[in-house]
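Chemist: Just need the whole structure built from these sequences, with the hints factored in.
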Amino acid sequence: MQLSQLLLESALLTEATDEQIAEVFGYSSEKIKEERERFKPSSFSRLEKLDYVTGIEDKTEKLYKLWAISNGLPFIQWKLGIIPTLDPVAALQQLFTDCLMKSRESIFLSNTSEESREAVKWTALSIQLGKLLKSWVLDSNQATLDLQLALSGSVLADFPSRDDL
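Take the position in the sequence shown, starting the count at 1, then add 154; the result is the number in our numbering.
Some hints here could point you the wrong way.
Said to hold, decoys possible - Derived pair list, reagent style BS3-like, types lysine-lysine, alpha-carbon separation capped at 25 Å:
#1 K203 <-> K185
#2 K275 <-> K288
#3 K233 <-> K213
As the list claims (entries may be wrong) - Label pairs and their calculated CB-CB ranges:
#4 K288 <-> Y206: 38 to 44 Å
#5 G209 <-> Q302: 43 to 49 Å
#6 K185 <-> I281: 45 to 51 Å
#7 Q159 <-> S270: 40 to 46 Å
#8 L201 <-> D241: 39 to 45 Å
#9 N225 <-> G284: 19 to 25 Å
#10 I236 <-> K285: 29 to 35 Å
#11 I210 <-> T239: 25 to 31 Å
No wet-lab data here; the hints were simulated from the structure.
Where is the CB? At the ideal position from N, CA and C, for every residue including glycine.
Modeler: Quick look at the structure:
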């Protein structure tokens with residue numbers, strides 16, 4: 155499958171409207187409507203879409219479609235090189251949630267040293283993002299400075315390994 159078709163089918167699995175998808179791809183709404191009628195999984199419920207994606211054998215196609223279902227049209231925009239407009243606080247909240255869930259997932263998986271390291275890493279990121287989110291809500295000017303510092307690359311998270319403990 156060509157990448158353009160894969161991205162379009164992935165976009166059709168999101169909650170976006172035909173007009174929103176048409177704008178991203180530069181197509182008419184009618185073309186998107188035709189594609190939606192041709193690509194039946196786009197009319198499935200969220201769980202049916204996940205079942206559909208589970209049955210896909212091509213790893214790349216499976217990942218793109220799964221990411222589109224979970225991350226929506228902004229993911230497709232980003233893959234196309236279009237910078238999606240995101241609310242910084244909402245983005246921080248999403249990152250915080252993702253890190254917290256990854257931390258919990260690592261904690262509740264098998265108790266191997268690798269999973270323990272993963273739990274420590276995701277928990278530390280959750281704490282850092284929680285602090286940043288709190289500071290943003292309480293003092294957005296300071297949070298902006300913290301974000302700029304973090305994005306400058308001068309601050310890198312340093313996670314201890316088990317050997318360091």
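Chemist: It remains to establish, for every hint, whether it holds in the given structure.
Modeler: Quick rundown of the hints versus the structure:
The straight-line distance between the Cα atoms of K203 and K185 is roughly 22 Å, inside the 25 Å bound, and the hint therefore holds. For the hint pairing K275 with K288, the CA-to-CA distance comes to about 20 Å; that is within 25 Å, so the pair holds. With a CA separation close to 17 Å, the supplied pair K233 and K213 stays within the 25 Å bound. Checking the proposed 38 to 44 Å range against K288 and Y206 shows it holds: the Cβ atoms sit about 39 Å from each other.
For G209 paired with Q302, a C-beta distance near 44 Å keeps the hint of 43 to 49 Å intact. Checking the proposed 45 to 51 Å range against K185 and I281 shows it holds: the Cβ atoms sit about 47 Å from each other. Remark: the range hint 40 to 46 Å for Q159 to S270 is upheld by a beta-carbon distance near 42 Å. Restraint check, L201 to D241: a C-beta distance of roughly 28 Å breaks the suggested window 39 to 45 Å.
One distance hint, 19 to 25 Å for the beta-carbon pair N225 and G284, holds here, with the actual separation near 21 Å. In this structure, I236 and K285 meet the distance hint of 29 to 35 Å, their C-beta atoms being roughly 31 Å apart. In this structure the hint that I210 and T239 lie 25 to 31 Å apart at CB holds, the actual value being about 30 Å.
In the structure shown, a violation is registered for the earlier hint numbered 8 alone.
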